[in-house]
Amino acid sequence: MHESMILMLPILVPVMTGLLLLCMPAVKNRKVLIGITAAGLIVTAALVFFVLFQEADSFTFFYLTKSLPVYFKIDGIGRIFVTVVTIVWLSGGAFAFEYMKHETDEKRYFGFYLIVYGILVALDFSGNIITFYLFYEMMTLLSMPLVLHTRSREAVMAGLKYMLYSFCGAYMVLYGVYFLFRFSNTLTFTAGGVLNQELIAGREQFLLFVVFLMILGFGVKAGMFPMHGWLPTAHPVAPAPASAVLSGIIVKSGVLGVIRTVYYLFGADFIRGTWVQTTWIWLTLFTVFMGSMLAYREKLLKKRLAYSTVSQVSYILFGLSMLDQTAMTGSLLHVICHAFIKCTLFLCAGAIIYKTGKTRVDELAGIGKEMPALLWCYTIVSLALIGIPPTGGFVSKWYLATGALRTKLPIVSWFGPLVLLVSALLTAGYLLPVTIQGFFPGKAFDYTHLKKKEPNLTMLLPVIVLTVLAVLVGMFPSVVTDYIVNHISGLF
Amino acid sequence: MQPMMMFIVVLIPFLTGIAIPLIPFSKRGHMMAFLEGLVLLNSALVFSLLMHRPEESFAIVKFTGDLTLSFRIDGMSMVFGGLVAALWPLATLYSFEYMKHEKNERIFFMFYTITYGVTLGIAFAEDLVTMYFFYELLTLVTVPLVMHTLTREAILASRKYLYYSLGGAAFGFIGMIFIIVYSNSPDFVLGGSLDLTKIGWRTDILLLVYVLAFLGFGVKAAVCPFNSWLPDAGVAPTPVTALLHAVAVVKAGAFAIIRLTYYCFGVEFLRGTWAQTVVMAIVIFTIVYGCSRAVKETHIKRRLAFSTISNLSYILFGVTIMTPLGMVGALSHMVFHAVMKICSFFCAGAIMYKTGRSYVHQLDGFGRRMPRVFGIFTVSALALMGVPGLCGFISKWNLAAAAVASDNPLAFAGIGALLISALLTAIYMLSIVIRTFFPAKDFDYETIADVEDPNWYMLLPLSIFVAAIIGFGLYSAPIVEFFTKIADGVY
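Going down the list, the sequences are from chains D and E.
So in my numbering, spot 308 of the first sequence is number 308, and the numbers just go up one at a time.
So in my numbering, spot 108 of the second sequence is number 108, and the numbers just go up one at a time.
Source of the hints: derived by calculation from the structure; they are not laboratory data.
Incorrect hints may appear among the rest.
To be verified - Below are the SDA-like pairs computed for lysine to any residue, each with C-alpha atoms no more than 20 Å apart in a straight line:
no. : chain 1 : residue 1 : chain 2 : residue 2
1   : D       : 66        : E       : 441
2   : D       : 161       : E       : 440
3   : D       : 451       : D       : 361
4   : D       : 161       : E       : 434
5   : E       : 441       : D       : 153
6   : D       : 161       : E       : 423
7   : D       : 66        : E       : 478
8   : D       : 161       : E       : 437
What the hints assert, rightly or not - Chain E residues, not near chain D, derived (Cβ > 10 Å throughout):
no. : residue
9   : 169
10  : 171
11  : 298
12  : 446
Stated by the list, open to error - Derived coverage of chain E by chain D (criterion: at least 3 residues anywhere in the stretch with Cβ under 8 Å from a Cβ of chain D; other residues may be distant):
no. : segment
13  : 400-408
14  : 415-425
Since the structure is predicted, the reported quantities are computational estimates derived from the model, not experimental observations.
Glycine included, each C-beta is placed from N, C-alpha and C at the ideal position.
With the sequences and hints as input, model every part of the structure.
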């Protein structure tokens, strides 16, 4: 038994627990189900943090073929992502204990929920592109049951759409991997890239095409234009806690893929100043604006939040496309903030559905009187997403904008921050009406039929914890940014 | 081992097959035991033959001069022969259960078993003449299998199958004549046996002959536009569709093309010529075409048949890369696709046998009633898509790696075709999986209360296949190494 084998535990434990839930015969007592799930989540989270502080940080699991090892390595980026995943996953899980009461097939839900957790940990620990790709595909397949959970026709169709878009992206990535295998020294993620300069001589243009394809491919998961179409369809139809983790976490694996591709396989210098960078920047900027605009026009709350995800994740991609250290710091910070914020927003939407059954924004007048604590959380994270100090969103956008200005790229270095600002205005425009109507429904509003509907603590606590975290990141950003800067300075 | 053994293993299935309708078995069980016993024995003989293969060849008949029917085992024979010998006993076991609901099963088993011998004949053929002989024979002995149900549809399908195959073989024949005339010896030699001094100015003619022969043998490998017999032949009982039209017959086509390309014309002669471009373009088109048609089909067996068309062209894509690596890719997909496709076909057969339903939209909710069959079906679907960890990924990886290494722009496009096809595979396979495991919300499980998993005759082969899919997916190093040695001419 190898000592570094311990790295496998936070991956295997949730997967096994999930499989156990799926294969287990139906139980009468709901508490058993919840108990197993909770135990699985908590043990995994403990294992994750335990592993993060271990000395051994790499482990070769086995070899797919002679030259393709399934290899895990924990690095700075992986640590950041896995921490975020764990926090959000625990919150979403706790919330679901109450929320899933009004859905059927809870066993299946929790089973897949746990399995996907394990897969995500594996994804964040992946040390080479093959391992990453392996878990990336698994994640798509295993998170699909979460999307089509309700089994309505709409949900099943959305699940199929999700899967097809994701596979389309994954295969674009795979096309690139085939070529990387030939033209690189190794497929292991290495800061600064792995391209073999001798082999690629004369083939730069083709490889630029390949890297563009890979960015687009991972961009599918991250909801980047032109392959964003699945996101507003798939995220809202899932049960609310599933939408929360899909929107908060799963889309980020696309971001992680882009980071790994650009900074750890091809190297930032390879695409700096090329048509790939330019096209990529413009795509992200367009997505930022388009997502906000579509969210602004959308009436269904969950769908509005999904469009908001499209826009916000492209903030992250915009920062990455700048190929600049400050901008990338902003991106990683936004990964953290957006995960907390978007998860909270979806959980709020879920709590509202659970308690009142209301799904449309214009139905929510007076909701603040009925569930004040919830709406306060909603408001605070909304402000954070808009980017108002002292919340996390402000700091991340600050870094994104200054990073963009620092690059001195023609046009985009000032146009980019401008788009971000406009989008922030739109964000205020699509998030705050809920608050305003919720707390101030107007004179004509009939207050008499309002009832106290505050959700119970199981639902409220995850929301509050995430809200506090989103604010704390903004109040003490240096803790996080120092860590980030430490780990990414080698990439430039 | 005695060289004679090569002839004996071909002969045993023949004799067994002929004996089945003649021996008056008192019980069905006796026939089953007799047949399975002999098939197993034969497979055991084949494997011991492959382990200790005789160096020299064995001539059965001498027609004139160079024209002989003779056997010799080289690396390629080992792959194809081993594949067939591994699958046949399992498929036979499966057929015992499946054929319960069909008539005239003795006739069926007769031809089914004879086909085993014929396929081994193709695998062990030492030269083009012998291969051609068994190739024609294969068409003839499988026609009754396609025709088996004797419905009008089946008769039409078998007629079509016959015409296509014979027509194709005729083109193969042209190739054979040219090889005999312009080569030093008609035997298969890795690297080709053409004599360039004899060819002289006739290079282009020979390239044309290669393309014709490729298409001719390609009929059995269902290359577009000669593919339409394959989905039609799906009217045959499922063991035939699964073993013959996903493995033995169609892979005999692919096998013949490998022989033609690598062992007769030789890749040195073909690589970089217009002939390579033409055949590769055809193959790439077929890859995408087959999958697109599969998406459209709603009959589950026809859908799988179109999937086979596409996957056979994966193999041929590897062949047309015309490098040793390409051959490795082709061989790995030949073996791995066999396992994956026979597995999914057997699942389809189990569904048809247990429930009589054969259209995709009739399968709602079956996943919960037939968990084993659909669990296995899901694995085979994922493998066909090329999910890492399953064997489909390995063979696609080898194909793509070969294509990248070949530096041929058309092959780069071919990788794109492979991936488009993988996406389409996801559509046509996973739409079945989702439907069966996640039926509509208001679905009433009472309506399919009588649906259940089949018995072990069917489940055992399925379990073995699924174990192979996962096993090869996780640990493929030895077998791929073996293929590499074959492509490098070590064996």
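Against the structure, the hints:
Restraint check for residue 66 (chain D) and residue 441 (chain E): not satisfied, since their Cα atoms lie roughly 46 Å apart, outside the 20 Å limit. A distance of roughly 16 Å separates the Cα atoms of residue 161 (chain D) and residue 440 (chain E); the hinted pair therefore holds under the 20 Å criterion. With a C-alpha separation of about 19 Å, the suggested pair residue 451 (chain D) and residue 361 (chain D) falls inside the 20 Å cut-off, and the hint holds. Distance restraint check for residue 161 (chain D) and residue 434 (chain E): the Cα-Cα separation of roughly 12 Å lies within the 20 Å cut-off, and the hinted pair is therefore satisfied.
The suggested pairing of residue 441 (chain E) with residue 153 (chain D) holds, with an alpha-carbon distance near 8 Å, which does not exceed 20 Å. Straight-line distance between C-alpha atoms of residue 161 (chain D) and residue 423 (chain E) comes to about 12 Å, which keeps the hinted pair within the 20 Å bound. Restraint check for residue 66 (chain D) and residue 478 (chain E): the C-alpha separation of about 9 Å stays at or below 20 Å, so the hint holds. This hinted pair checks out: residue 161 (chain D) and residue 437 (chain E) have alpha carbons roughly 17 Å apart, not beyond 20 Å.
With a closest Cβ-Cβ approach of about 36 Å to chain D, residue 169 (chain E) is found to remain outside the 10 Å limit, as its non-interface label requires. Annotated as non-interface, residue 171 (chain E) keeps its C-beta farther than 10 Å from every C-beta of chain D; the closest such distance is 34 Å. Annotated as non-interface, residue 298 (chain E) keeps its C-beta farther than 10 Å from every C-beta of chain D; the closest such distance is 16 Å. Separation of residue 446 (chain E) from chain D is adequate, the least Cβ-Cβ distance of about 17 Å exceeding the 10 Å criterion.
Requiring three or more residues with a Cβ within less than 8 Å of a Cβ of chain D, the coverage given for the segment 400-408 of chain E holds, as 5 such residues are present. Requiring three or more residues with a Cβ within less than 8 Å of a Cβ of chain D, the coverage given for the segment 415-425 of chain E holds, as 6 such residues are present.
This entry does not satisfy hint 1, going by the numbered hints stated previously; all others are met.
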